[in-house]
Amino acid sequence: MSESAWRPVRRTRTFEDVLAQIERRIAEDGLTAGDRLPPERTLAEQLGVSRSSVREAMRVLETLGVVSSQVGRGPDAGAVLVSKPDSALTDLLRLHLGLAALEPGEVIDTRLMIECWSAARAAAGRPDTSALERALRGMDGARTPEEFVEHDTAFHCALAEASGNRLIAAFMRSLRDSMRRYAVEAVIRLGDTSGLQADHRRILAAVRGGDQEEARRAVTDHLARAYPPDAH
1 MSESAWRPVR
11 RTRTFEDVLA
21 QIERRIAEDG
31 LTAGDRLPPE
41 RTLAEQLGVS
51 RSSVREAMRV
61 LETLGVVSSQ
71 VGRGPDAGAV
81 LVSKPDSALT
91 DLLRLHLGLA
101 ALEPGEVIDT
111 RLMIECWSAA
121 RAAAGRPDTS
131 ALERALRGMD
141 GARTPEEFVE
151 HDTAFHCALA
161 EASGNRLIAA
171 FMRSLRDSMR
181 RYAVEAVIRL
191 GDTSGLQADH
201 RRILAAVRGG
211 DQEEARRAVT
221 DHLARAYPPD
231 AH
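Sequential numbering from 1 applies to the sequence shown in UniProt numbering.
Treat the hints as calculated values from the structure; they're not laboratory data.
Among these hints, one or two may not hold up.
Across the chosen pairs, the derived CB separations fall in these ranges [stated by the list, open to error]:
no.	residue 1	residue 2	range
1	SER68	LEU167	51 to 57 Å
2	ASP35	THR63	15 to 21 Å
3	ARG24	ASP192	52 to 58 Å
4	THR110	ARG217	14 to 20 Å
5	LEU167	GLU16	19 to 25 Å
6	ARG51	ARG143	29 to 35 Å
7	SER130	GLU16	38 to 44 Å
8	LEU167	ARG59	21 to 27 Å
All values derive from a computational prediction rather than experimental measurement.
Backbone N, C-alpha and C fix where the C-beta goes; we use that ideal spot for every residue, glycine too.
Throw the hints in and build the complete structure from the sequences for me.
This is how it looks when you write it as structure tokens:
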């Protein structure tokens, strides 16, 4: 990585500018997990900022799961890029969704769009369905609504994962976390979960069979059963 690629920071919100420069270098240099950023002192000199500004930026990146700061000298100095973007993004999305005080209907509508797309994409790709199968078995053996919802969450997140789109999967995990209370209430309201399980098996069969249209219909019917309009 060329030292000349780092540009001096000139604005007043210094640590944010440091973050922006690091983000730009990661993208332009094609850095990936395991690559090392320049040492703190080197970064401060190249950017024309104080070491405290670089340190603050690194703390933010470490909190977000983007880098792992390691103490070292010479070639071992400098933070290492790590592979945690999915979990970091999920945490941020969950926080923002929680603060937004979304109505249940808004979340359900968003889930419908995401899950219909995910199911159809998964059916087109014929993915590994073992995670979906494990979640089904977990729901079959659940003894409480909370336990059922835990495995139900795993099923729907696995469906998003099966689409092959990591951003969709991260967003789905955040939505499901924000919907957990409503999901438990839905299971209690229905009482009998056999209909939900029939829906889940229908979704799984469509994905296995490569039937994209049936996968979309199965998801739509399932969410309508779990969250009928008059229930939210």
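ARG51 versus ARG143 beta-carbon gap, inside 29 to 35 Å or not
violated (55 Å)
LEU167 and SER68 - C-beta distance against the hinted 51 to 57 Å:
violated (23 Å)
Given a hint of 52 to 58 Å, does the C-beta separation of ARG24 and ASP192 actually sit inside it?
Given range 52 to 58 Å: holds, Cβ gap about 55 Å.
CB-CB spacing for THR63 and ASP35 relative to the 15 to 21 Å hint:
Between ASP35 and THR63, where Cβ atoms are some 19 Å apart, the hint holds.
Range hint 19 to 25 Å (beta carbons of LEU167 and GLU16) holds or violated
Cβ of LEU167 to Cβ of GLU16: about 23 Å, so the range 19 to 25 Å holds.
Take a look at whether the Cβ-Cβ distance between THR110 and ARG217 falls inside 14 to 20 Å.
holds (19 Å)
C-beta pair LEU167, ARG59: status relative to the range 21 to 27 Å that was hinted:
Check passed, 25 Å falls within 21 to 27 Å.
C-beta pair SER130, GLU16: status relative to the range 38 to 44 Å that was hinted:
Given a distance of about 43 Å, which is inside 38 to 44 Å, the answer is holds.
Against the hints set out earlier in the document, violations occur for numbers 1 and 6.
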